[in-house]
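Numbering (the UniProt record's numbering), first residue to last: 1 to 551.
Check each hint, because a few of them may be wrong.
[As the list claims (entries may be wrong)] Computed cross-link-like contacts, DMTMM-like style, restricted to lysine to aspartate or glutamate with a CA-CA straight-line distance of at most 25 Å:
#: 1; residue 1: K76; residue 2: E195
#: 2; residue 1: K373; residue 2: E473
#: 3; residue 1: K170; residue 2: E330
#: 4; residue 1: K184; residue 2: D15
#: 5; residue 1: K167; residue 2: E354
#: 6; residue 1: K369; residue 2: E330
#: 7; residue 1: K8; residue 2: D457
#: 8; residue 1: K517; residue 2: E161
#: 9; residue 1: K248; residue 2: D277
#: 10; residue 1: K355; residue 2: D108
#: 11; residue 1: K546; residue 2: D507
#: 12; residue 1: K76; residue 2: D88
#: 13; residue 1: K448; residue 2: E409
#: 14; residue 1: K173; residue 2: E330
#: 15; residue 1: K61; residue 2: D51
#: 16; residue 1: K427; residue 2: E473
#: 17; residue 1: K476; residue 2: D507
#: 18; residue 1: K373; residue 2: D340
#: 19; residue 1: K184; residue 2: E202
#: 20; residue 1: K427; residue 2: E207
#: 21; residue 1: K71; residue 2: D59
#: 22; residue 1: K347; residue 2: D401
#: 23; residue 1: K476; residue 2: E22
#: 24; residue 1: K358; residue 2: E161
#: 25; residue 1: K167; residue 2: E207
#: 26; residue 1: K312; residue 2: D139
#: 27; residue 1: K163; residue 2: D408
#: 28; residue 1: K121; residue 2: E195
#: 29; residue 1: K511; residue 2: E95
Treat the hints as calculated values from the structure; they're not laboratory data.
Note that the coordinates shown come from a computational prediction; the quantities given were computed from them, not determined experimentally.
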Amino acid sequence: MLQTLAIKNFALIEDIKVSFSEGFTIITGETGAGKSILLDALSLILGKRADLGALRNTDEKCIIEAEFAVKSYNIKPIFDQEDIDYEDITLIRREILPSGKSRAFVNDSPVTLDVLSQLGKVLVDIHSQHETQLLGNEDFQFHIVDTLAQNEAILNQYQEELKIHRKNIKKLKELQDFQKNTQKEYDYNTFIFNELQDADLEEGMQEELEEIHEQASNVEDIKERLSQAEQLLSDEEIGIVNQLRDLKITFSQLNNYGNNYAELSERIENAFIELDDIAQEIYSFAENVDFDPRELVAVQQKLQKIYDLQKKHQVGSVEELIAIQNQLEEELAQIENIEDTLAQQEKEVSQSLEKVKKLALQISERRQKIIPKLTQMLEQMLSELGIPNARFQIELSPLSDFQTNGNDEIQFLFSANKGGNFGLLKKVASGGELSRIMLSVKSILATKIALPTIIFDEIDTGVSGEISQKMGEIMKQMSTNRQVFAITHLPQVAAKGSEHFKVFKEDINGKTTTLLKQLTSEERIEELAQMLGGKQVTETARQHAKQLLQI
Numbered sequence: 001m002l003q004t005l006a007i008k009n010f011a012l013i014e015d016i017k018v019s020f021s022e023g024f025t026i027i028t029g030e031t032g033a034g035k036s037i038l039l040d041a042l043s044l045i046l047g048k049r050a051d052l053g054a055l056r057n058t059d060e061k062c063i064i065e066a067e068f069a070v071k072s073y074n075i076k077p078i079f080d081q082e083d084i085d086y087e088d089i090t091l092i093r094r095e096i097l098p099s100g101k102s103r104a105f106v107n108d109s110p111v112t113l114d115v116l117s118q119l120g121k122v123l124v125d126i127h128s129q130h131e132t133q134l135l136g137n138e139d140f141q142f143h144i145v146d147t148l149a150q151n152e153a154i155l156n157q158y159q160e161e162l163k164i165h166r167k168n169i170k171k172l173k174e175l176q177d178f179q180k181n182t183q184k185e186y187d188y189n190t191f192i193f194n195e196l197q198d199a200d201l202e203e204g205m206q207e208e209l210e211e212i213h214e215q216a217s218n219v220e221d222i223k224e225r226l227s228q229a230e231q232l233l234s235d236e237e238i239g240i241v242n243q244l245r246d247l248k249i250t251f252s253q254l255n256n257y258g259n260n261y262a263e264l265s266e267r268i269e270n271a272f273i274e275l276d277d278i279a280q281e282i283y284s285f286a287e288n289v290d291f292d293p294r295e296l297v298a299v300q301q302k303l304q305k306i307y308d309l310q311k312k313h314q315v316g317s318v319e320e321l322i323a324i325q326n327q328l329e330e331e332l333a334q335i336e337n338i339e340d341t342l343a344q345q346e347k348e349v350s351q352s353l354e355k356v357k358k359l360a361l362q363i364s365e366r367r368q369k370i371i372p373k374l375t376q377m378l379e380q381m382l383s384e385l386g387i388p389n390a391r392f393q394i395e396l397s398p399l400s401d402f403q404t405n406g407n408d409e410i411q412f413l414f415s416a417n418k419g420g421n422f423g424l425l426k427k428v429a430s431g432g433e434l435s436r437i438m439l440s441v442k443s444i445l446a447t448k449i450a451l452p453t454i455i456f457d458e459i460d461t462g463v464s465g466e467i468s469q470k471m472g473e474i475m476k477q478m479s480t481n482r483q484v485f486a487i488t489h490l491p492q493v494a495a496k497g498s499e500h501f502k503v504f505k506e507d508i509n510g511k512t513t514t515l516l517k518q519l520t521s522e523e524r525i526e527e528l529a530q531m532l533g534g535k536q537v538t539e540t541a542r543q544h545a546k547q548l549l550q551i
């Protein structure tokens with residue numbers, strides 16, 4: 001329940017702090033006194049977006065604080081989920097800075113507006129003056145029926161399955177579009193793939209072929225230089241190998257004269273062996289340097305094929321061509337396997353559809369089962385509220401597809417007169433009738449929803465006299481299990497409250513200021529008397545007020 005509300009520098013409010021009790025709290029005041037300002041301030045606490053224009057003094061920040069007693073309302077999981085310190089007395093603070101920025105805190109932990117809004121939905125239900133129009137809204141009508149049918153869990157499950165089903169349908173359509181579009185390119189891609197495959201591409205082959213081509217193209221030059229090298233190494237007169245052989249023999253004769261000569265002799269021996277080996281290898285190269293012209297042509301053709309493919313695909317290496325070939329192979333395989341993939345996805349769609357159908361049917365059956373009870377309760381309450389011939393008819397009809405609320409279309413039909421025809425509720429009910437219907441709905445829903453606080457903002461619009469007194473009794477009855485506020489202009493409703501606050505304006509230091517005051521018993525009599533008879537209070541009005549208060 002809402003225990004305290006403190007508002008500073010907001011609209012016409014300079015600085016107020018007020019404490020509230022359990023039960024039925026009344027708030028009254030003249031039109032324009034600032035009752036709506038209180039609701040606007042509380043709405044900020046509950047996650048509404050801030051407006052810089054709400055600052056009374058634009059040089060100072062606005063601060064709104066509210067304390068809620070939450071021990072009895074199983075909302076700790078929200079605190080745990082958002083990593084907020086949980087307190088049985090929870091403090092929510094909202095600040096609007098002169099810069100226009102806004103900050104929110106729960107138990108001194110900074111939070112986002114989404115978190116604040118999530119908390120607000122389980123702490124307070126504000127019935128605004130225009131909320132009666134929701135009675136004609138299909139989503140709200142489903143909310144009424146589903147709340148009474150206790151469909152929340154199964155409806156959540158249905159909506160999750162519906163998301164999965166819609167994703168499956170989307171994926172199936174994408175596959176069908178893919179099949180349609182890619183089939184046109186299949187032949188061309190097959191040609192490109194075969195062209196790359198026929199090239200027998202391997203990593204490093206371009207460099208290898210270019211080296212072979214370079215050698216084959218310069219075979220005569222290679223032969224000549226190998227011949228020169230062979231002569232320099234192996235010629236009988238000037239060849240280096242023969243001269244090293246003589247040098248080796250000379251030094252072998254010096255080995256007996258010291259280790260120094262032996263070491264040199266060994267090095268000469270090694271040099272001789274290495275050069276002799278080189279000479280043999282050059283001889284071998286020279287003997288085998290000839291290239292078959294047909295092999296050269298084959299190498300040239302292979303290279304030209306690579307160059308043509310690189311130009312065609314705008315790449316610079318064989319490795320990139322191989323990557324394109326692999327990608328095409330995957331795409332072609334996907335196209336070739338599309339029928340199997342489509343069949344599997346169609347199966348997924350069919351299975352998810354069955355789950356959605358089954359849950360939607362259960363939801364619809366539960367709705368059909370509770371509707372007679374709901375219409376009976378509404379008709380009974382409306383009879384007590386001065387519409388004795390009220391008749392309700394709630395129609396469910398199947399849709400051709402599945403929507404967020406299930407497979408049903410819903411219509412609230414209403415007749416206020418005996419023997420009258422049914423018509424759509426939003427079209428045939430008057431403002432006063434809608435107010436009474438909404439109060440009846442809220443009273444019924446309150447038995448199923450554990451909301452700590454409900455605020456009715458002039459829900460009694462369009463009614464008066466005995467009917468307004470009965471509406472006050474209903475709200476008072478609702479307050480036995482929760483905190484109820486009623487902002488009202490009707491003394492018959494105001495008299496039912498367990499505590500009474502008055503909103504009024506005063507000029508303070510040249511500025512109009514909205515104030516809030518809890519009325520004493522005597523002040524309450526005067527306030528009700530004014531509401532009954534105007535500003536000039538008569539003794540008759542006072543006596544009437546006392547009667548309403550049962551004093």
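Results for each hint:
1. For a cut-off of 25 Å, the pair hint linking K76 to E195 is broken: about 67 Å separates their Cα positions.
2. At roughly 22 Å between alpha-carbon atoms, K373 and E473 fall within 25 Å of each other, so this suggested pair holds.
3. Distance restraint check for K170 and E330: the Cα-Cα separation of roughly 23 Å lies within the 25 Å cut-off, and the hinted pair is therefore satisfied.
4. Restraint check: the Cα-Cα separation between K184 and D15 comes to about 74 Å, which exceeds 25 Å; the hinted pair is violated.
5. For the given pair, K167 sits about 15 Å from E354 by alpha-carbon distance, which is consistent with the 25 Å threshold.
6. Of the supplied pair hints, the one linking K369 and E330 is violated, its CA atoms being roughly 55 Å apart against a limit of 25 Å.
7. Of the pairs offered as hints, the one joining K8 and D457 holds, with about 22 Å between alpha carbons and a cut-off of 25 Å not exceeded.
8. Simply put, K517 and E161 have alpha-carbon atoms about 52 Å apart, too far for the 25 Å limit, and the pair is violated.
9. Between K248 and D277 the alpha-carbon distance is near 16 Å, which keeps this suggested pair within the 25 Å criterion.
10. Proximity of K355 to D108 is assessed by CA-CA distance (about 45 Å); at most 25 Å being required, the pair is judged violated.
11. Straight-line distance between C-alpha atoms of K546 and D507 comes to about 31 Å, which puts the hinted pair past the 25 Å bound.
12. Proposed proximity of K76 and D88 is supported: the alpha carbons are some 9 Å apart, at most 25 Å.
13. For the hint linking K448 to E409, the alpha-carbon distance of about 23 Å falls within 25 Å, and the restraint holds.
14. The suggested pairing of K173 with E330 holds, with an alpha-carbon distance near 21 Å, which does not exceed 25 Å.
15. The hinted pair formed by K61 and D51 meets the criterion: a straight-line CA distance of about 12 Å does not exceed 25 Å.
16. A hinted pair counts as satisfied when its Cα atoms are at most 25 Å apart, and K427 with E473 does not qualify at roughly 28 Å.
17. Distance restraint check for K476 and D507: the Cα-Cα separation of roughly 35 Å exceeds the 25 Å cut-off, and the hinted pair is therefore not satisfied.
18. Of the pairs offered as hints, the one joining K373 and D340 is violated, with about 51 Å between alpha carbons and a cut-off of 25 Å exceeded.
19. The suggested pairing of K184 with E202 is violated, with an alpha-carbon distance near 30 Å, which exceeds 25 Å.
20. Using a Cα cut-off of 25 Å, the hinted pair K427 and E207 is violated, with the two alpha carbons roughly 85 Å apart.
21. Among the hinted pairs, K71 with D59 is inconsistent with the structure: their alpha-carbon atoms are about 38 Å apart, more than 25 Å.
22. For the proposed pair K347 and D401, the alpha carbon gap of about 19 Å is at most 25 Å, so the pair holds.
23. Proximity of K476 to E22 is assessed by CA-CA distance (about 11 Å); at most 25 Å being required, the pair is judged to hold.
24. Between the alpha carbons of K358 and E161 the distance comes to roughly 10 Å, so the proposed pair stays at or under 25 Å and holds.
25. Among the hinted pairs, K167 with E207 is inconsistent with the structure: their alpha-carbon atoms are about 50 Å apart, more than 25 Å.
26. Only pairs whose Cα atoms come within 25 Å are accepted, and K312 paired with D139 is rejected, the gap being roughly 60 Å.
27. Taking the CA atoms of K163 and D408, the gap is about 17 Å. The hint holds against a cut of 25 Å.
28. About 66 Å separates the Cα atoms of K121 and E195, which puts this hinted pair outside 25 Å; it is violated.
29. Among the hinted pairs, K511 with E95 is consistent with the structure: their alpha-carbon atoms are about 23 Å apart, no more than 25 Å.
Checked against the numbered hints given earlier, the structure breaks hints 1, 4, 6, 8, 10, 11, 16, 17, 18, 19, 20, 21, 25, 26, 28 and satisfies all the rest.
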